[in-house]
Amino acid sequence: MALILELRDRHASTSWHRLTGVAVTLGRAFSNDLIVDDPHADGIHVRIEVDPSGGCTVTDLGSMNGTFVDGLRVTGPQAVRPGMEVVFGRSKVWIHDADEPVPPAVAETAQRLPAVARWTLTGTGSAMVAATVVAVSALMGWTGSTNRSTASDTITAAFVGLLFIGVWAGIWGAVTRGRDRRFRFRAHLAVVASVFLALAVVNAMSEWLQFYFPGVWIIGAVAAAIFYAAIGGVVVAHLSVAGSLTPRGRLYAGLGVCAAIGGLAFLGTLGNDKFTDVPRYSAQLKPVPGGFVFATPVDDFAAAIRETKAKADEAAAKAASATRQ
Amino acid sequence: MSRFRLARWWPLLVAGILGAQQPAPAARDRTSAVFNRYAPYVVKIQVIETGSGAKATLGSGFFVTPDGLVITNYHVVSKAITRPGRYRVELIDRAGQTIPVSIAAIDVVHDLSCLRSGSSGHPYFPLQPAGISQGSRLFSLGNPKDLGLGIVEGTYNGLLEHTLYPRIHLTASLNPGMSGGPTIDEAGNVIGVNVSTEGNQVSFLIPTDRVRALLQVARGLAASSPAPSLDTVAAQLRRHQAEYLQPIFAEPTQRLTLGPFQVVTQPAPFFRCWGDVLPAEGKPYEISTHRCQTDDDIYLDEDQTTGWLSVSYQLITTKQMNAMQFFSQYGKTFGADNSPAGIEAYVTNWQCSVHNVRSDRTRMRTMLCLRRYTGLGELYDMNLKAAVLGGSGVGLVATLNLTGVTFDNVTALSTRFLKQIAWR
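Just so you know, the sequences run in chain order R and C. Numbers 46 to 370, taken from the working numbering, label the letters of the first sequence in order. Numbers 963 to 1386, taken from the working numbering, label the letters of the second sequence in order.
Don't take each hint at face value.
Covered stretches of chain R, going by a simulated chain C footprint (3 or more residues, C-beta under 8 Å) [to be verified]:
| # | stretch |
| --- | --- |
| 1 | 188-195 |
| 2 | 234-242 |
| 3 | 314-328 |
Under the rule of at most 25 Å between Cα atoms (straight-line distance), these lysine to aspartate or glutamate pairs were calculated in the DMTMM-like manner [claimed, not checked]:
| # | chain 1 | residue 1 | chain 2 | residue 2 |
| --- | --- | --- | --- | --- |
| 4 | R | K354 | C | D1259 |
| 5 | C | K1294 | R | D198 |
| 6 | R | K354 | C | E1205 |
| 7 | C | K1281 | R | D344 |
| 8 | R | K363 | C | E1205 |
| 9 | R | K137 | R | D78 |
| 10 | R | K354 | C | E1243 |
| 11 | C | K1281 | C | E1243 |
| 12 | R | K363 | C | D1370 |
| 13 | R | K356 | C | E1248 |
| 14 | R | K331 | C | E1248 |
| 15 | C | K1041 | C | D1299 |
| 16 | R | K319 | C | E1306 |
| 17 | R | K331 | R | D345 |
| 18 | R | K356 | R | D322 |
| 19 | R | K363 | C | D1263 |
| 20 | R | K319 | C | D1265 |
| 21 | R | K356 | C | D1322 |
| 22 | R | K363 | C | D1265 |
| 23 | C | K1107 | C | E1011 |
| 24 | R | K356 | C | D1370 |
| 25 | R | K319 | C | E1248 |
| 26 | R | K319 | R | D358 |
| 27 | C | K1017 | C | E1264 |
| 28 | R | K363 | C | E1340 |
| 29 | R | K354 | R | D344 |
| 30 | R | K331 | R | D225 |
| 31 | R | K331 | R | D198 |
| 32 | R | K319 | C | D1370 |
| 33 | C | K1381 | C | D1147 |
Derived by calculation from the structure, the hints in this document are not laboratory data. The structure presented is a predicted model; accordingly, all values stated were derived computationally and were not measured. We put the CB at the ideal spot given by N, CA and C, even for glycine.
Modelling step: build the complete structure from the supplied sequences, incorporating the hints.
Here you go:
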């Protein structure tokens, strides 16, 4: 029955050694079997030996700072079993059974994803993803074009869309390369493209809902909330792709970015109280046959605008009290 | 069309008042005689900022009673009404004497005010009615800034037709500073009070019958009566809008066909209407505009007027754009700002709400913006816009602007306005 010695030095770098029945000495001196670079360890500090029955003994060789097993200083030869911690200086030693079972290998991240996601990481897949973003951007540019030549608006929109996701994915890839130096560009591209497309859908839905239900402010609020959540979410997704930070760290990073952007937006609305003689409202119109729009009868219009009067009165009262002060 | 009030305090070029027209020698003698005879009746009015002693407004006025009541415009002394603590009013007579005055009565709607000087012994205009005919020669007196009393000859060209606020059209080069001065005939009858100019010898006077009405009010007040305030202004505006808004849109005067739509134009005789088409070059759509506006307005402050209305229609058509593109442009036209201007001292921010409204066979996206005057009671400005929905390659944006109206009139007029927009 063989024993394995796990040595962790003061830099937290770990090495494993097979104990073959001969005693090994550990210390700073080069004459030791295992040399540790530890100023708090003696030249020859401790001896570890295995007896024929498989037991392990630790003997302190007269060191200045001593040797400790599970926190207790050893005086004479001390038996050590797997699981006990031997400390000398700033270095630590554990004994392992060579037959100790180890957990199975972890599958690569990519192999754990659903098939669709794996496909976006292939050459064809990522090209299709980019093409979808280009197509959607082009469509948005085309439907919003009010110039004689719709072609230039369409092409510009397509180009801007592609450039945006390309640069965004590239920056994330470069910044999170980490120690394994892998760019993971396709994965980052897939992430930003899917969020882009999702937000485009949410935006279109929000516009149409606000067209059908103009008084319902909650539609805009929900759309804004989804937008900010998406910003936080995309940060978490990029960090996960790169394997940066811990899962909790990524979550905090996402929440932090979401809160920061949301906070800035909120600060922006604080300026709404400033005086302006230009009205602020959404002038969105949608091409719908008149019959399909729910509408207030014109005779009820007067009642419908009472709320606006109340707001105007409130604003006047506030202004009057402000000048009085 | 820009209209300059005559009491401006910016420095301006006054090109030879006396030399601008070159009358015949005999006529020049007449002008000199009029000037010499009536100059003592006319005064310079100054509004002084009490803190710094600086002159905030300059204008003119004239005596109308033996006990020293003076007539001038409201806009000359408006600062002393809106901020009574910070401004005071004084006049300088022909002899150079400075006399402090108080404001006895105002008529905001007709831009007149009556000041109490308490100083007797000045010659005054009795303001009796006088006959006048088109083409008669008239003389305007007043004080262009710091240049002393001046006289300008002009021609009477009748009462303006179709205006809400009565005005006499005078062909003369009136200059800022002459606001509130009298325009008289050769016999010394006051025909009108100088109020504004459009340049190019097109100037306007307030007819004397309004002045008589105000003087009547002022005479009825004791010297110790409280000076008019913003509450007075508010009450006058409220009474005024109750009267003139009655007929608007109630009985359709003229119908107008714009593309597939039918709308009402010329809502009352005192509107001026005109139309225009935006050139179609370089654009895949075309916009035809038809607009009606009341000609004049009520002065509240240098950058704040009220008491005017406008109606406008913009017909948008396209042959090239598809539905999404067309509605994208339609939305931009719907969102373009055409609301009344305003300043923080008088009005709040706009409060807007959007509704889908249906009237008979027509469905419209309407946007109503409302703002209230601060310190003038319950008076509002309104900017109402309606975009007709359901058209294919055609749309109509209809706008109604109201200023200085009560909420009842806001609801009444907006409902009437929306009801008369229809498909043919």
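Straight-line Cα separation of K319 (chain R) and D1265 (chain C) no greater than 25 Å?
Answer holds: K319 (chain R) to D1265 (chain C) is near 18 Å, not above 25 Å.
Against chain C, does the stretch 234-242 of chain R show at least 3 residues with beta-carbon separation below 8 Å?
That given contact is violated, which follows from only 0 residues of the stretch 234-242 of chain R lying within Cβ reach (below 8 Å) of chain C.
Holds or violated: are the alpha carbons of K363 (chain R) and E1205 (chain C) at most 25 Å from each other?
The hint is violated at about 30 Å.
Given the hint that K1381 (chain C) pairs with D1147 (chain C), test it: the Cα-Cα distance must not exceed 25 Å.
Roughly 50 Å separates the two Cα atoms, so the pair is violated.
Is the hinted pair K354 (chain R) and E1243 (chain C) satisfied, with a Cα-Cα distance of at most 25 Å?
violated (42 Å)
Hint consistency between K356 (chain R) and D322 (chain R) [alpha-carbon to alpha-carbon, up to 25 Å]:
It holds: about 16 Å lies between the C-alpha atoms, which stays within 25 Å.
Does the structure keep K1294 (chain C) and D198 (chain R) at a Cα separation of 25 Å or less?
holds (16 Å)
Given the hint that K354 (chain R) pairs with D344 (chain R), does the C-alpha gap stay at or below 25 Å?
holds (17 Å)
Pair hint outcome, K363 (chain R) versus D1265 (chain C) [Cα-Cα no greater than 25 Å]:
Judged against 25 Å, a Cα distance of about 22 Å means the pair holds.
Sort out whether E1340 (chain C) lies within 25 Å of K363 (chain R), counting only the CA atoms.
With Cα atoms ~14 Å apart, K363 (chain R) and E1340 (chain C) stay inside 25 Å; holds.
Measure nothing beyond the straight line between the CA atoms of K331 (chain R) and E1248 (chain C); if it is 25 Å or shorter, mark the hint as holding.
holds (19 Å)
Is the hinted pair K331 (chain R) and D225 (chain R) satisfied, with a Cα-Cα distance of at most 25 Å?
With a Cα-Cα distance of about 51 Å, the restraint between K331 (chain R) and D225 (chain R) is violated, given a limit of 25 Å.
Consistency note: the structure conflicts with the earlier hints numbered 2, 7, 8, 10, 13, 15, 21, 25, 30, 32 and 33.
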